[in-house]
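Listed below, chain by chain, are the residues.
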Amino acid sequence: MAKQFTLAEIADFLGERYQGENITVTGLNTLEEAQGSELSFLANPKYIKQIATTKAGAVILHPDHAKDVKNAIISENPYFSFARCMGLFAEKEGFFEGISEFASIHPSATIGENCTVYPFVVIGSNAKIGDNCTLFSGVYIGEYCELGENCTLTPNCVLMSHTHLGDNCYLQPGVVLGGEGFGFVRTDFGVQKIPQIGTVMIADNVEIGANTTIDRAALSKTSIAKNTCIDNLVQIGHNVQVGEECFIVSQVGIAGSTKVGNKCTLAGQVGISGHLHIADNVTIGPQGGVIKDLAENSVVSGSPAMEYNTYMRHSLLQPKIPELFKRVSALEKQIAKLEQERDSQK
Amino acid sequence: MAKQFTLAEIADFLGERYQGENITVTGLNTLEEAQGSELSFLANPKYIKQIATTKAGAVILHPDHAKDVKNAIISENPYFSFARCMGLFAEKEGFFEGISEFASIHPSATIGENCTVYPFVVIGSNAKIGDNCTLFSGVYIGEYCELGENCTLTPNCVLMSHTHLGDNCYLQPGVVLGGEGFGFVRTDFGVQKIPQIGTVMIADNVEIGANTTIDRAALSKTSIAKNTCIDNLVQIGHNVQVGEECFIVSQVGIAGSTKVGNKCTLAGQVGISGHLHIADNVTIGPQGGVIKDLAENSVVSGSPAMEYNTYMRHSLLQPKIPELFKRVSALEKQIAKLEQERDSQK
Amino acid sequence: MAKQFTLAEIADFLGERYQGENITVTGLNTLEEAQGSELSFLANPKYIKQIATTKAGAVILHPDHAKDVKNAIISENPYFSFARCMGLFAEKEGFFEGISEFASIHPSATIGENCTVYPFVVIGSNAKIGDNCTLFSGVYIGEYCELGENCTLTPNCVLMSHTHLGDNCYLQPGVVLGGEGFGFVRTDFGVQKIPQIGTVMIADNVEIGANTTIDRAALSKTSIAKNTCIDNLVQIGHNVQVGEECFIVSQVGIAGSTKVGNKCTLAGQVGISGHLHIADNVTIGPQGGVIKDLAENSVVSGSPAMEYNTYMRHSLLQPKIPELFKRVSALEKQIAKLEQERDSQK
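Protein chains in written order, with our numbering: chain X, 1 to 346; chain R, 1 to 346; chain Z, 1 to 346.
Quick caveat, the hints were computed from the structure, so don't treat them as lab data. Keep in mind that the hints are not guaranteed to be accurate.
Since the list gives no way to pick one copy over another, a pair counts as held whenever it fits inside one copy or between any two copies.
[To be verified] Pairs of lysine-lysine residues, derived as DSS-like cross-links and limited to a Cα-Cα distance of at most 25 Å, are as follows:
#, residue 1, residue 2
1, Lys221, Lys92
2, Lys193, Lys67
3, Lys221, Lys263
4, Lys292, Lys46
5, Lys128, Lys92
6, Lys221, Lys292
7, Lys3, Lys55
8, Lys92, Lys3
9, Lys221, Lys46
10, Lys259, Lys55
11, Lys221, Lys259
12, Lys221, Lys326
13, Lys70, Lys49
14, Lys263, Lys67
15, Lys49, Lys292
16, Lys46, Lys259
Just so it is clear, the structure is predicted and the values come from calculations on it, not from any experiment.
Can you make the complete structure from the sequences, with help from the hints?
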């Protein structure tokens, strides 16, 4: 099942040299967990002691440490070299090829070359699927959806009508794109629903995590720009615009019509209110709650979010607040006594 | 693909008058994004400057602004008129009609008139589906479930056994109703599971967002009353009772056996502990954490939740708490000095 | 449809005695909601007044209260006895038996004895399914997955390749195991993806809630130890290790490489940062945010999490912080006045 390579082949792939025995490498692992035929790496000096005890068959490490092990690949950047090896050993997910006869494909849909369509996929009317796409089982593609080239939709992903994906998008299982935005208002004659007639536009090279939901716009579009990475269980509301190369970690929620700039990092469980503007290169710490616009390069944390250094000082002092109340009460008594003494002296 | 109407037809539909050229309207958009044949609207005076630069073919606006544009529909309430137009332009989701021969329907299930059942739907034994229901692909309806009339279950929604839906319910993709409640206890002989033998009852006109989960009750039922709107990725625990016309925004979690009254608004990422009673017309701000009962008309925020005005003052002061510690330290020194001087005078 | 037993049969099953009429019991319910033929219970003295008004046909209660009702089962531990009755009345979910001809099963997959495979299930190459497993519709089992005996995967659960489940695991609908971990880094030449080549290993007797996601490891494995119970919409990141008998309540997020010990309880919406070590028997309160290691038997709450008693005192004082600022301002004025008076006396 698994791939294997000789140490020489891996060194050659990396464009680096190796030393010791040209063993056959059957997998990759950490120094602590690697066994006989596995390749490991030493990047962080913190783990240098593990070099003496590791059972790894070979290690990728810096020239400075070359003498410490017998079988090794020598690299100026062991972490980066190892990450490249992970790509070498990674297996493409899935086991099916071709277009299943058990998929339900509308006659008006068009499907590019070299696509894989698993059983029990549904593709709606006028949908367009680019070349080299893979649709796993349980995927639903609504009418008028358009997918670029080389997209992978893992099992049970749902694209409601008119959703667009660029090239090279990868959706983990259970992603829902284009569900209706939360458009309800209370009126004198009861709850009214505002129909959501916009779409979702996902640009090239976007990755979206399992069971994440991105709603269609009320008007116009909800959009995610290229190279942005979204983790699991994230909620993105209607008409949100997310910029390029953002990292949106799991369980983040972004409310309607908010704009997030390029290269922003939103840590886990962050919430951002609606109609805000988050500029480029902003970092928001875990569980942060953002209720105001944030300027370029802001680093914030807390709920409501504040500047990071202030947050850190606040965090350290927070457990001391009960004591602060006592200190203030003590001061009040001391002052009262001093004032009393003063008054009695008059 | 898209619908189109003349300006006169739209004015007629709205019961309003129009001015200018009777253009053909091909879509709706904001003033900022609208193009030649699109209709837009001006409701908020904040956007009045955009009237001069919009490329919209026509605008719905108040009589006071009628002179500012050529092609227009004149309405006393432009936002409401525009929302009605959104309904006019909205297209019904989906592309399939009839009962698919690739659905798996138990012989004992009954299906009403004019229903649509997509391929790869499963309907269990003794299930009852009302008239005019639409079940998209990947939907699972467990045994003894009952659906009222005119319900729409979009792709991959799951109703476990005995779940009831009223009329006109709309479930976004991936909703799970009737999963087992979290009924586990630690005992001297290990973790024990309390079987969850209750059900989920959803009343009329309830909308539920994508990937939201509502658990079956331990006993009796978990219930959502009529006209309540639930957003994406919400968790509702076993035996929770939610009242009428509530708005439950995305990523809210409500723990077991809590009762929520009518017309409550729970903002994004709110958490409510179990066995609480939230009265009618309560509003809870985003990321709020509720650990006590809340009286009618309460407006709260924060974690743990406090009265809204207190929360707002607290929020503004929170970043100044580190400074407050310094101020108290300074006071302590000043007082110590005053006391020392007093003592030396004695 | 529903099961029924006589009061004598139930008493016999429990190994307890009954009094009154040997009625036929058609279901179980709370004292408040039970009707004529239903059995209820009195465990918490708080509900003793309901004994007088309940319409339950019979009640399980402590010998001390035996005189208060006519039809009863007498038990030293009424709650435990009632929980056992819930197991007696619980019906096995589902209505289908055998291997559906509408499932798509790879020829190289092996399926144990007495398994149930619903329509529209997909089982990948080299997958191994143990005896007595049930796979509901829409389930996807990737290549090289292995399931122990007696596992139940309810509708639309997804196991990506190489995921392992032990015996007696129960997955609520929409669970995703083995999606790719969030492995992205920003580099000088753009966002790079670190391939995730590890797996997910779930031990025996683990229950996982609806739409919960557990990511595959970057290297090695993400693991959940035996007897652990996970609620709905939980996120567990790559390389996380969760111990035995943990309770992980809904919407919790655990970031990558964190280790959680045995018998820990993580309340709803808790977030734990990556690379931390949470020792055995730790309890984390709702919405808690953990950013540091936690020692054995810790009980913490708040964000960032602090010791529970400190948190409780802090919570009570939090709404009084605005007033504290006023008190400190008043003190500063008083002190200034005292100092001024002192200076004028010199």
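Verification of the supplied hints:
1. Lys221 / Lys92: between (32 Å within a copy, 18 Å between copies)
2. Lys193 / Lys67: Answer is neither: 70 Å inside a copy and 31 Å across each miss the 25 Å cutoff.
3. Lys221 / Lys263: within (21 Å within a copy, 30 Å between copies)
4. Lys292 / Lys46: Result: close only across copies, 19 Å inter versus 40 Å intra.
5. Lys128 / Lys92: both (24 Å within a copy, 20 Å between copies)
6. Lys221 / Lys292: Within. Shortest intra-copy distance 23 Å satisfies the 25 Å Cα cut-off; inter-copy 40 Å does not.
7. Lys3 / Lys55: within (20 Å within a copy, 58 Å between copies)
8. Lys92 / Lys3: within (11 Å within a copy, 42 Å between copies)
9. Lys221 / Lys46: Between copies only: 22 Å across chains, 47 Å inside a chain, cut-off 25 Å.
10. Lys259 / Lys55: between (50 Å within a copy, 22 Å between copies)
11. Lys221 / Lys259: within (12 Å within a copy, 37 Å between copies)
12. Lys221 / Lys326: Neither: 54 Å inside a copy, 48 Å across copies.
13. Lys70 / Lys49: within (15 Å within a copy, 73 Å between copies)
14. Lys263 / Lys67: This pair counts as neither: shortest intra-copy Cα distance 40 Å, inter-copy 44 Å.
15. Lys49 / Lys292: Classified as between; 24 Å across copies, 47 Å inside a copy.
16. Lys46 / Lys259: Classified as between; 19 Å across copies, 40 Å inside a copy.
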